[in-house]
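S.K.: Turn these sequences into a full structure, and let the hints steer you where they fit.
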Amino acid sequence: HSSSELVEDLFEDLRDGVLLCHLIEVLTGEALPVNKARESKRVHHISNLTTALATLRRRGLDL
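In the numbering used here, each residue's number is its place in the sequence shown (first place is 1) plus 1016.
Please note that a few of the clues may not be correct.
Pair by pair, the computed Cβ-Cβ distance ranges are [what the hints assert, rightly or not]:
#  : residue 1 : residue 2 : range
1  : L1077     : E1055     : 28 to 38 Å
2  : E1055     : G1076     : 28 to 38 Å
3  : E1055     : F1027     : 31 to 41 Å
4  : V1059     : L1079     : 16 to 26 Å
5  : R1054     : G1076     : 30 to 40 Å
6  : A1053     : D1025     : 29 to 39 Å
7  : D1029     : V1059     : 31 to 41 Å
8  : E1028     : L1079     : 19 to 29 Å
9  : D1078     : R1031     : 14 to 24 Å
10 : A1070     : R1031     : 25 to 35 Å
11 : K1057     : E1021     : 27 to 37 Å
12 : D1078     : R1054     : 32 to 42 Å
Taking lysine to aspartate or glutamate and the EDC-like style, the derived pairs with C-alpha atoms no more than 16 Å apart in a straight line are [unchecked claim]:
#  : residue 1 : residue 2
13 : K1052     : E1028
14 : K1052     : D1029
15 : K1057     : D1029
16 : K1052     : E1021
17 : K1057     : E1021
18 : K1057     : E1041
If you're looking for bench data, these hints aren't it; they were derived computationally from the structure.
Where a beta carbon is used, it is the ideal one built from N, C-alpha and C, also for glycine.
M.R.: What follows is the structure in structure tokens.
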């Protein structure tokens, strides 16, 4: 992943779930299906966050 993906505002930068999924990909080495729609909608954000949480759960980390 590009190192230009810097987090400046934690809430804004993580709310769509894309950076969170990328972080989990880097930490686990597992590719995740990420919705990076140009006009991302709430349903895309929820899908990305669900993907991230499901991946963490599968690896034994329940939040």
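S.K.: Hints first: check each against the structure and report whether it holds.
M.R.: Hints, verified against the model:
no. : hint                        : result
1   : L1077 <-> E1055: 28 to 38 Å : 32 Å, holds
2   : E1055 <-> G1076: 28 to 38 Å : 35 Å, holds
3   : E1055 <-> F1027: 31 to 41 Å : 20 Å, violated
4   : V1059 <-> L1079: 16 to 26 Å : 21 Å, holds
5   : R1054 <-> G1076: 30 to 40 Å : 35 Å, holds
6   : A1053 <-> D1025: 29 to 39 Å : 21 Å, violated
7   : D1029 <-> V1059: 31 to 41 Å : 19 Å, violated
8   : E1028 <-> L1079: 19 to 29 Å : 21 Å, holds
9   : D1078 <-> R1031: 14 to 24 Å : 22 Å, holds
10  : A1070 <-> R1031: 25 to 35 Å : 18 Å, violated
11  : K1057 <-> E1021: 27 to 37 Å : 21 Å, violated
12  : D1078 <-> R1054: 32 to 42 Å : 33 Å, holds
13  : K1052 <-> E1028             : 15 Å, holds
14  : K1052 <-> D1029             : 13 Å, holds
15  : K1057 <-> D1029             : 15 Å, holds
16  : K1052 <-> E1021             : 14 Å, holds
17  : K1057 <-> E1021             : 20 Å, violated
18  : K1057 <-> E1041             : 22 Å, violated
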